[in-house]
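Below, each chain spelled out in residue letters.
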Amino acid sequence: MKRYAYYQSCINEAMTKEVDRSIDLWQHDLGIELVKLHESACCGGSNLDYVSPKQFALVNARNIALAEKLGLDLIVSCNTCLMTIRTAKKKLDESAALRAEVNEILREEGLEYRGTSDVRHLLWVLIDDVGLDVIRKKVKTPLSKLRIAPFYGCHILRPSTVLGKDDPLEPTSLDLLLDALGAKSIPYEHKNRCCGFHTLLVAEEESLNVAAEALKEAMDEKADFIVTPCPLCHTVLDGYQSKALKKNGVKGSIPVYHLSEVVGLALGYSDRQLGIKRHIVTA
Amino acid sequence: MKPFDIVIVGGGGSGLYAAMEAMKTNPNLNIAVLSKVYPNRSHTSAAQGGANAALANKAKDDTVEMHIFDTIKGSDYLADQDAVEVLCSEAPKIIRELDNMGTPWSRMDDKTIAQRPFGGAGRPRCCYCADKTGHTILQTLYEQCLRKGVFFFNEYFALDLSLDGSRSRGLIAMNMKTGKVEAFPAKTVIFATGGYAKMYWNRSSNAAGNTGDGQAIAYRAGIPLKDMEFVQFHPTGLRKSGLLVTEGARGEGGYLVNAEGERFMKRYAPEKMELGPRDLVSRSLETEILEGRGFDSPAGKYLHLDLRHLGADIIKSRLPQIREMCMYFEGVDPIEEPVPVRPTAHYSMGGIDTDNFGRTIMEGVYAAGECGCVSVHGANRLGGNSLLDILVFGRITGRAAAEEAGKFNPSAIPASEVTDKEQELRSFMQPRGHYERYGTLREDLGHTLGANVGIFREASKIKQGIADIESLQDRFQHVRVFDTGDIYNTNLLQVLELKNMLDLSETVAEGALSREESRGSHTRTDFPTRDDEKWHKHTIYTYEGGRPKLAYKPVTMGRYELQERTY
Amino acid sequence: MSDSTIQHHEESRDVTFRVHRFNPQVDSKPYFDDYTIKLEKGITVLRALGYIKEHVDSTLTFRAFCQAGICGSCAMRINNMSKLACTTQVWDELDKAREPGVIKIEPLRNLPHIKDLVVEMDPVVGKMKKYSNWVDSRMPEEEWGKKEFLVSEEEFQAYDKATDCILCASCVSECTILRAHKEYVSPVVLLRSFRMNADSRDGIHDQRLAGLVQDHGVWDCTHCYRCQETCVKNIPIMDAIHGIREDAIERRGTKDTSGARHAEAFMDDIEKKGRLVEATLPIRTNGIGWTLKNLLPMAFKMILKRRTPPPPPLVKASKGIQSLRKELKEMASHVAKDHEKKSGE
Chain E
1 MKRYAYYQSC INEAMTKEVD RSIDLWQHDL GIELVKLHES ACCGGSNLDY VSPKQFALVN
61 ARNIALAEKL GLDLIVSCNT CLMTIRTAKK KLDESAALRA EVNEILREEG LEYRGTSDVR
121 HLLWVLIDDV GLDVIRKKVK TPLSKLRIAP FYGCHILRPS TVLGKDDPLE PTSLDLLLDA
181 LGAKSIPYEH KNRCCGFHTL LVAEEESLNV AAEALKEAMD EKADFIVTPC PLCHTVLDGY
241 QSKALKKNGV KGSIPVYHLS EVVGLALGYS DRQLGIKRHI VTA
Chain X
1 MKPFDIVIVG GGGSGLYAAM EAMKTNPNLN IAVLSKVYPN RSHTSAAQGG ANAALANKAK
61 DDTVEMHIFD TIKGSDYLAD QDAVEVLCSE APKIIRELDN MGTPWSRMDD KTIAQRPFGG
121 AGRPRCCYCA DKTGHTILQT LYEQCLRKGV FFFNEYFALD LSLDGSRSRG LIAMNMKTGK
181 VEAFPAKTVI FATGGYAKMY WNRSSNAAGN TGDGQAIAYR AGIPLKDMEF VQFHPTGLRK
241 SGLLVTEGAR GEGGYLVNAE GERFMKRYAP EKMELGPRDL VSRSLETEIL EGRGFDSPAG
301 KYLHLDLRHL GADIIKSRLP QIREMCMYFE GVDPIEEPVP VRPTAHYSMG GIDTDNFGRT
361 IMEGVYAAGE CGCVSVHGAN RLGGNSLLDI LVFGRITGRA AAEEAGKFNP SAIPASEVTD
421 KEQELRSFMQ PRGHYERYGT LREDLGHTLG ANVGIFREAS KIKQGIADIE SLQDRFQHVR
481 VFDTGDIYNT NLLQVLELKN MLDLSETVAE GALSREESRG SHTRTDFPTR DDEKWHKHTI
541 YTYEGGRPKL AYKPVTMGRY ELQERTY
Chain H
1 MSDSTIQHHE ESRDVTFRVH RFNPQVDSKP YFDDYTIKLE KGITVLRALG YIKEHVDSTL
61 TFRAFCQAGI CGSCAMRINN MSKLACTTQV WDELDKAREP GVIKIEPLRN LPHIKDLVVE
121 MDPVVGKMKK YSNWVDSRMP EEEWGKKEFL VSEEEFQAYD KATDCILCAS CVSECTILRA
181 HKEYVSPVVL LRSFRMNADS RDGIHDQRLA GLVQDHGVWD CTHCYRCQET CVKNIPIMDA
241 IHGIREDAIE RRGTKDTSGA RHAEAFMDDI EKKGRLVEAT LPIRTNGIGW TLKNLLPMAF
301 KMILKRRTPP PPPLVKASKG IQSLRKELKE MASHVAKDHE KKSGE
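Sequence order for the protein chains is E, X and H.
Per our numbering, residue 1 is the first one in the first sequence, and the count goes up by one each step.
Per our numbering, residue 1 is the first one in the second sequence, and the count goes up by one each step.
Per our numbering, residue 1 is the first one in the third sequence, and the count goes up by one each step.
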């Protein structure tokens, strides 16, 4: 059983509880164990670093240091948390002065940021550690009848200087996973595009246009559903779907699944077990 | 339609500077800048090195006098000394002015503008912004013109001066986006369209549009050109594109190697080897190719610039841009493979004959920058003086036009000139039995110029070149424009550009034939030495009966006597 | 040295260019033309298009000028990504082709189309003007040319990379928000605004900043980083956008725009709970009126599905909140000291 520290994203604690619920169901099936870091704090979204760069470094140095204390890599299942914490890690790794300043404060809590734990997305763990061959063998209910539109979201890809796992504009990892699960992933342009989440409250009109375009393309390509590794993308594409489509005069609807749910489905768990019924748009 | 006070043709460094200075001189003037590309696209952006000015930031003992002398000597004594004095004494002021308006100059520790050494200069006086000096100057000037509300006509292609007898009354131009021919009545016109070295086509480092449009229009309208035979060649152009691999590659220790695997520079410059002066190295490469020691390929004969022995680390750390260029444009990684190179036409010293204020012999018509010939570069331009030239004389010309615009009261441009021109352009689109493609003609022109009026010239070859150009002019009569639409017709545009290059190539070749000496960039194998007694004079070309008629004009001397040019 | 005598024997093959065609004068709608030509390895996409124009179909229309990656004329979408045709090797694109041997060529997006691969650039220039993308010198024009400004190397470094921009508009073409709303300021104009605001010679910093925080300005960026990944000069455009936001919060406070209020809410929540209080985020960003109007209809559905974020009192504070609060407070004192030092300089 390979162990990891698991970062609890705010959104998965509040609105998209089904993500952690489904991971809990199947993690042992795939030989991994995610240890939840209850003491971690909000990463600051993609906002904190320009409100206060130093607080941003501090909060995330602490998040990583909690994992380092356990000697484990930090695993994240929200794209923006991933990008944000990795950005902080990059800044900390590049600046001895910043590291020293942060560590001086963290010392009181018995923590130290050393840079020894990597920060990775759950998707990367599935591909690089568990392995596609193993996953292929464990599949109980192959998704072979399904045409799935993979929607990567931005912050698992870009900036490539911070993420670097996939090609920032021609990603393949999610497609490879879907293939291992027996599904057909369809090529479509929006798979590497933005969902609009981060301007939802600031420029709603723009956000909804962005989301509608992605949804429409997936529907036009006759996808059975969209799958995304990011709960923020899910919130827009599922939660705001009817509003976005209505505003853009598009008829119909399309379900949106989390990566963790699709893995669960292939491993033989039911919709109900995985929490899929909690989605706003249901099949 | 009320005439413009000033119509500026060309939106590069000199055109934009002229516009800005004219607005500063008299904010009430009605000024238009016409450019066939968006101004920020102009070829000024390609100048990497910098602009010379005796600021004495780096070498405290540098003086304007020294800059003047270096420039005159570099010109092989063909530059007009009064003009050079203007160029060099205005230089510090113009560099500071660019700083004051926001050009991001590189800086020294004391926060003043940084300067570096450059070929042919006695002191480090080249002001720069990393390796993007021309680009940042052009951006700054464009930004400042936007700030001042200069009126731009972007993507307009200038066609003709409109003449009232022997005087100009404005310009006829084509709006690329609509295909419409439009009249621009103007009290004054400034040509600032850049150089003509693209006539060497695939053997040129120039932008596709450096086709000498301003020179050709002025020339056909009866305005004389000057010193057209002087075209500067750079030794290391990429084989396929002619684009430059800068001198830095040899500076870091790159070898030039022929097909026999020999570092041939040892036979031409045993001490300096690859780092000999630019014209000498160019001549050496050309000799190797002519004597059969070059490599052969569908894209032409070439030699190798070998950097591999420098190792990946040095190439990556010190020559990253050069490596990128080789990969982008030649598909060759210099870490793995030698780079295919051959000399490439780079800069035109000649241009529209002007006085020190950019005035031509035609009242109200001016020229500035590489388009004009004041002359400050004579037979050979010094590195770092081309940006300086466009800035200094762009400004002077802009001011002169602004001050003098009130003197002229042009008549209206008759509507028939516009309709006639439209007819003429349409005629290129008529189906005809036998037709020529402009692409072939353009390549043939570049080829014959490179082979016969290139680095080495001799009477028999130049005559061959002249005959080839004549036959190309005949073939041009059959060129067909296949795109019959109005909107953004680049097919038509490129045909018109080809015509400009063809007309100007006659002056280059005729000038090269007549000048029976070797001076600066002009090397005659049949007249290998400089002949001051016969040829210390400018060549002047006037368009008569469809051909260039040559005359000569003395060089303005000053305090510097003729000397042999040695380094 | 011996192998530098080996001649270049280059592979060649047939390549198909599938090019977007549209001439509004004659075509009712856009279509694709396939041109198959034999090419030698090492050729760029621009030279291939040039060959097609000169020898196969002279009506094919695209912009090109310097052919050396510095003028920015030939930006177009090649295999679904905006880039310069002149710096793109055909062989590299063959590797990325969805259909073997076929390279797809389309015009830039998010700009009005003119013909084939040519788009209108005036909107970009218009926005440069709207956001004063120039240095408005602190020195009166009459004084120009007399003495240099003194500029430190650090300051030069702050905008050095930004001045690499060649206005090719690749970032404009790939921008997510511009695609959703054409009034949006655009990445290139944000980059240039940042560059101007970082220049000590400029005198209209605050005025420019005031424009940038308005609607369709800097807060509308959705951080998708596409601009940065597509930039042909590898300019970190998002750093510039973040730089403007940081500057806006520092100079204008966090109250004046929804974007700034939104950003500040994160800081507040982390300090109070160590977690984001999502339920009240809309109210704190846009006020109660906006929230009721925009989100209430959705809230019912969410409640039915038990997807609503818990109200503030029910958001459990992170377990380590006590130590976190203390640490944040300590860091705040560091930041205050930094500010003192900076303003003392």
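Certain hints may be false.
Examples of chain H residues toward chain X, derived with CB under 7 Å [claimed, not checked]:
no.	residue
1	V56
2	T59
3	S137
4	E142
Keep in mind the hints are simulated off the structure, nothing from the lab.
Built from N, CA and C at the ideal position, the CB exists for glycine as well.
Hints versus structure:
Below 7 Å, beta-carbon pairs count as interface contacts, and V56/H has none with chain X, the closest being about 10 Å; its hint is therefore violated. At about 4 Å, the closest approach between the beta carbon of T59/H and any beta carbon in chain X falls short of 7 Å, and the interface hint on this residue holds. With its C-beta approaching chain X no nearer than about 6 Å, S137/H sits inside the 7 Å limit, and its interface hint holds. The interface hint given for E142/H is broken, as the beta carbon of that residue sits about 9 Å from the closest beta carbon of chain X, more than 7 Å.
Comparing the model with each earlier hint shows violations of hints 1, 4; every other hint is respected.
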